[in-house]
Amino acid sequence: MSVQIQSLTRRAPNASRKMLDGVSLTIEDGAFVALVGPSGAGKTTLLRTIAGLDGPYEGTVLVDGQVLAGRPMRERRIGFVFQNYALFRHMTVARNISFGLDVLPRGERPDRGAIAARVAELLELIQLPTLGGAYPDQLSGGQRQRVALARALATKPGLLLLDEPFGALDPIVRRQIRRWLRGLHDQLGLTTVLVTHDHDEALEVADRLVVMQNGRIVQEAAAETLDAAPATPFVMEFLGEALEFAGRVAHGRFLPDDPNVLSFAVSAGDGPATAYLRPHEARLVAAGGAARAIPLTGGQGGLRRLAVALGTREVEILVLPERLGQAGTEGLGLDIGRARLFRDGAPLAGAPPVASGQELPRVTVG
Amino acid sequence: MVFCLRRRDGLPGLSISIAFTLVWIGLIVALPLTALVLRPWQEGGGAMLRALHDARMYAALRVSFGCAALAAAIDVPLGLLLAWALVRARLPGRRAIDALIDLPFALPTAVTGITLATLYGPTGWVGALLARAGIRVAYTPAGIVAALMFVGLPFIVRAVEPVLRGLPPELEEAGLLLGASPLQNFRRVILPPLLPPLVAGFSLAFARCIGEYGSVIFIAGNQPFHSEIAPLLIVVRLQEYDYNGATAIALILLLSALVCMTGVAALRRRVSRGLVARGAA
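Quick note, the sequences are listed as chains A and B, same order. Each residue of the first sequence is one higher than the one before, starting from 1 at the first, in UniProt numbering. Each residue of the second sequence is one higher than the one before, starting from 1 at the first, in UniProt numbering.
Source of the hints: derived by calculation from the structure; they are not laboratory data. Any given hint could be a false lead.
[Said to hold, decoys possible] Covered stretches of chain A, going by a simulated chain B footprint (3 or more residues, C-beta under 8 Å):
1) 68-78
2) 97-110
3) 214-224
Everything numeric in this text was worked out from a predicted model, so none of it was measured. Using N, Cα and C, we set each Cβ at its ideal position, and we do this for glycine too.
Assemble the whole structure, with the sequences as input and the hints as a guide.
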């Protein structure tokens, strides 16, 4: 099921603050989209609005080309998984899952055998075939999460909306469940919208990321392009640790304000600019300046953390362990040639985002 | 037992506290109850036999239990509505209503009784209106029920309110999103978690209503076999210096109440399935 949202605006009750401010978004049939952003960015509000849960709004929300408002919930074919799962504690897992079928009017309701078969099928799908008779309070967080998913899937929705579904799970279970969810999405041909504040999670599971800030969509792109060409410094910083270098562009080169940081070629007009890059994209160049490198404890993803004293300030970069001593520790220059350049909060045209690095594979998104 | 308590609990001096508590409970609760159980038999079983053959006592017990059950049962939906309004609706003067609900707890029961008797009496504000419709409340069992409803209501409200407050709003939304109609949502999603506190509130209100004396006697009319409650009959026996007779009725009242409360407790366990983590296991 596709979703079209046009200039959607929602105000907080009793306040003029806009929770959503002119949001337009198109989600194609079969897409897996993640809404990401910091708390209070409006992600959950947007998700709830798509589900038709919250009150009045301005703009249009179309699901499969139709306005949902006023149509009965059971015709909407939307499955929703809440952050706290919202399982019915007084019902067994099986009754929770069959709830959407149990409440159908008598004429449309499948008979008991069919409902039981559907529940068994879903229990199999969520890999909890023996837990139909248990109560939600007897389950672990990950199991509850999957039961909530099965409950949402019981009525065969076309659109699955998930609000921070992995928030309360430990990292290992989290990873398992999101892989499983992605598999489920592909297997059932769902259209899925996931809300998360964890960009890693979004990058791993979704085809397309929608970055939100202050009730607006800042950028909407495939996971791969987002990191390579962020639309604003905020997106750059939200997607991971970023180093910031103020400077200016003059005669086709970016000249950083910090000493001992190497300039690099850009094809942009002269003027002030700010360069952002990931700590692992910076390189140390021997005899390139007067910076000192100080190894730090810790690191991530097999990379070692290194503090670089530029003279004016220190920045922390990540390098491969085998390169740790290669350039020496004194008289270094910092190469930031892979930085993304911004001027007045917008990307500078002509700045080569991944020019000096390897080209990232592009994946077409449907 | 002591070992088990020590291992589980972080409260300092728990075993000493428990010992003190048990002694106090023994002195305050168990001792008088034991006396009550023993007293009717002190001069042989005669008093008890007489009490057991007293039709007036059976009538009084019937009035007491019947009116108490009816009042508590009527209070259940009223209390649920009131708690709902307090928790969900942003009513103006919500705090004032909140404070008012507890007032029947604080009011001397005799004051309640006189007030209600005046109100429902043939010339009272409500009584006069009802009299015009041909309904008599004061000095009938209906008056007893009215008085008991007043006394029992706060128990229901206070039992349901915290549970209702703790119900995540997502539960209702989940029900609606899964296609439940508002009625189905109420019956299948909202009501079941509220049943345990409703039954608990009912049992508290019911217990209080069985023992209620002051607020009832002014409005009941106290005609034997018609609107005389068991606690009043006990007082009547006491005034006749028939202490054995009084304690015999008291003991029968106590045992009947015990049976009723056990039944209610069983019901509460039934409706709590899945809602209490340990009970479900």
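Results for each hint:
1. Taking a C-beta to C-beta cut-off of 8 Å, the stretch 68-78 of chain A contributes 4 residues in contact with chain B, enough for the three needed, and the coverage statement holds.
2. Counting residues of the stretch 97-110 of chain A whose beta-carbon sits less than 8 Å from any beta-carbon of chain B gives 5, enough to reach three: the coverage restraint holds.
3. Residue count for the stretch 214-224 of chain A with a Cβ under 8 Å from a Cβ of chain B: 0. That is fewer than the three needed, and the coverage hint is violated.
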